[in-house]
Amino acid sequence: MPLREQREVKEIEGVLNKILSTASPPVARCRLLSTGLNPGHALNITENIGGHKECIGCGNCIDICPFLFREPSRRNKTEQRTSMALESIVGADCDECDACVLACPQVDTTIKNYVVNHRMIEVMSRLEQRIGDEDEPDLDLFVEEALS
Amino acid sequence: MDFEIPEELKMIQSMARDFVTEQLKPLERIVLGRAADLSDAQMYLPLEKERELMGMIKEMGLWGVGVPEELGGVGLGTLGSCLVEEELAQTVVPFSFGDVTPILFDCNEKQKETYFSPVLNRQKYPYLALVETERGSEIATMEMKAEKVNGCYVLNGKKVSLSRASKDYFAAVFAVTEPGKKPRENMTCFLVDKDTPGFTVSGGEEKTGWQARVRQPITLVFNHCQVPAENVLGEEGKAFYLGRKWLPSRRIVRGARCVGAAQRILDECVTQAQSWMSFGQFISGRPSVQAALANIATDIHAAKLMVYEAAWRADKGDPIQRLAAMVKLSATQMIHSTADNAAHIFNAPAYVGGLPMERFCRDTTAMSSTEFALQLQRGIIARDILRGLKVG
Numbered sequence: 001m002p003l004r005e006q007r008e009v010k011e012i013e014g015v016l017n018k019i020l021s022t023a024s025p026p027v028a029r030c031r032l033l034s035t036g037l038n039p040g041h042a043l044n045i046t047e048n049i050g051g052h053k054e055c056i057g058c059g060n061c062i063d064i065c066p067f068l069f070r071e072p073s074r075r076n077k078t079e080q081r082t083s084m085a086l087e088s089i090v091g092a093d094c095d096e097c098d099a100c101v102l103a104c105p106q107v108d109t110t111i112k113n114y115v116v117n118h119r120m121i122e123v124m125s126r127l128e129q130r131i132g133d134e135d136e137p138d139l140d141l142f143v144e145e146a147l148s
Numbered sequence: 149m150d151f152e153i154p155e156e157l158k159m160i161q162s163m164a165r166d167f168v169t170e171q172l173k174p175l176e177r178i179v180l181g182r183a184a185d186l187s188d189a190q191m192y193l194p195l196e197k198e199r200e201l202m203g204m205i206k207e208m209g210l211w212g213v214g215v216p217e218e219l220g221g222v223g224l225g226t227l228g229s230c231l232v233e234e235e236l237a238q239t240v241v242p243f244s245f246g247d248v249t250p251i252l253f254d255c256n257e258k259q260k261e262t263y264f265s266p267v268l269n270r271q272k273y274p275y276l277a278l279v280e281t282e283r284g285s286e287i288a289t290m291e292m293k294a295e296k297v298n299g300c301y302v303l304n305g306k307k308v309s310l311s312r313a314s315k316d317y318f319a320a321v322f323a324v325t326e327p328g329k330k331p332r333e334n335m336t337c338f339l340v341d342k343d344t345p346g347f348t349v350s351g352g353e354e355k356t357g358w359q360a361r362v363r364q365p366i367t368l369v370f371n372h373c374q375v376p377a378e379n380v381l382g383e384e385g386k387a388f389y390l391g392r393k394w395l396p397s398r399r400i401v402r403g404a405r406c407v408g409a410a411q412r413i414l415d416e417c418v419t420q421a422q423s424w425m426s427f428g429q430f431i432s433g434r435p436s437v438q439a440a441l442a443n444i445a446t447d448i449h450a451a452k453l454m455v456y457e458a459a460w461r462a463d464k465g466d467p468i469q470r471l472a473a474m475v476k477l478s479a480t481q482m483i484h485s486t487a488d489n490a491a492h493i494f495n496a497p498a499y500v501g502g503l504p505m506e507r508f509c510r511d512t513t514a515m516s517s518t519e520f521a522l523q524l525q526r527g528i529i530a531r532d533i534l535r536g537l538k539v540g
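One line per chain: the protein sequences are F and E, in this order.
Throughout the first sequence, residue numbering follows the numbering used here, covering 1 to 148 in sequence.
Throughout the second sequence, residue numbering follows the numbering used here, covering 149 to 540 in sequence.
No lab work stands behind these hints, which were simulated from the structure alone.
Cβ atoms here follow ideal geometry from the backbone N, Cα and C, with glycine treated the same way.
Check before you lean on any hint, since a few could be wrong.
Simulated crosslink set (DSSO-like; lysine-lysine; CA at most 27 angstroms straight-line) [said to hold, decoys possible]:
1. F:Lys77 with E:Lys355
2. F:Lys10 with F:Lys77
3. F:Lys18 with E:Lys330
4. E:Lys306 with F:Lys77
5. E:Lys173 with E:Lys206
6. E:Lys293 with E:Lys342
So the derived list for chain E, only partly shown, Cβ under 10 angstroms to chain F, looks like this [claimed, not checked]:
7. Pro250
8. Leu276
9. Ser309
10. Arg332
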């Protein structure tokens, strides 16, 4: 739902990279770097909320987070479904997969495109460390043994 | 192309089916609880009953189906283990035909006598100490360290295990021995006896009632715990290479577990559809219910074929990494959609506490926490498709 004129990534590339490289869910900070709510999508209310950057509490980021999917007990710690709740319950355990950024309706498409084109490949190689090369053992097999 | 299951495996499948129908299914009420408020529900069968059932399986010659013959098991292979697992998954009673984690298959002769055989015969239970509270499932970055001092190893750290608690136990602990090396080259597995000084265990008490549904974690604390070098399992620094020959096929066997559970859900749905009436007719006559039944049956058939083919290839010695990942991905999604379709047929009663159906539907959801990281399975499959293309 962001504004038609969206954030030019070149202007924020430095800070964006820093945010995306920090081990913490980046969705809220990416949302704040975005342009905010498109007035065309807002209800007809007296207050003009166009351009507002608050979390709308849709819960997309909580639902998509792979860490919370693996550890549902953390998700059950709060009823809240905001980006703040996500940051509180995931914290530094973040996989840095950036899925929350892609799922957030308040993040600008320009930022999402940047994440897909410049960050996803880096994350894949990091995740691949867990499943190993063809000749290396798959660590997830051990986690499955421990949990099942 | 022959889709026929070999005769001897068919026989084993039939024996397992009869055992589940005649011995395990009648015990479901012990696990689910008989009291009105289900306050007597238990996670496991009473020990004496388990021993009695174990004796029956031993007499049938099927104890340790997935354990290699040289370790005292039946050495049935992946397809055989899948067929047995599929039958065992059709009941909520937690019982296996002598299942032992392949991580312990690499015991040496002495360890085999002290640790493996008692585990196979259920005299001792292993606590698999892999996960750390701080690191969760990120086992590559675990913090627990083992220092070599005067030919012994000194362990320091804390682990959490979801293994079954018992009076007689030992821990199979994963700890970093060579901090400078890569995660796959620096981890060593130690077998730590329960009475070792510096090793304490808490939690894991067996609960009753609704709490019996939740697996109670065991906390293992190692405080300057000295372990002799002979208790290293496998090679030093090569803990993640333990059970390498057998671990990948366990994914296929877990797929078979999903197929079995889904089959029971389908059976329960059929009974419900043929006995529940609405507006003067059995709901089995309604197109929406028939569609749900057809969807479940089709999904089960597809998953079953996938599991059997992957198991057959594993037994042939073909590479199965991609197939096992496909089985895990597909079977986990299948069991979820089956539970979803079942809820449509049952409406509310599927979630009435104390019904086997309710337990199955709950367990399918729980499966998402044990069969997690489906994205990684997609990664394995995609990498195999794009073989040769290196990313990153």
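Exercise for review: Identify every previously stated hint that the structure contradicts and give their numbers, smallest first.
Suggested key: 2
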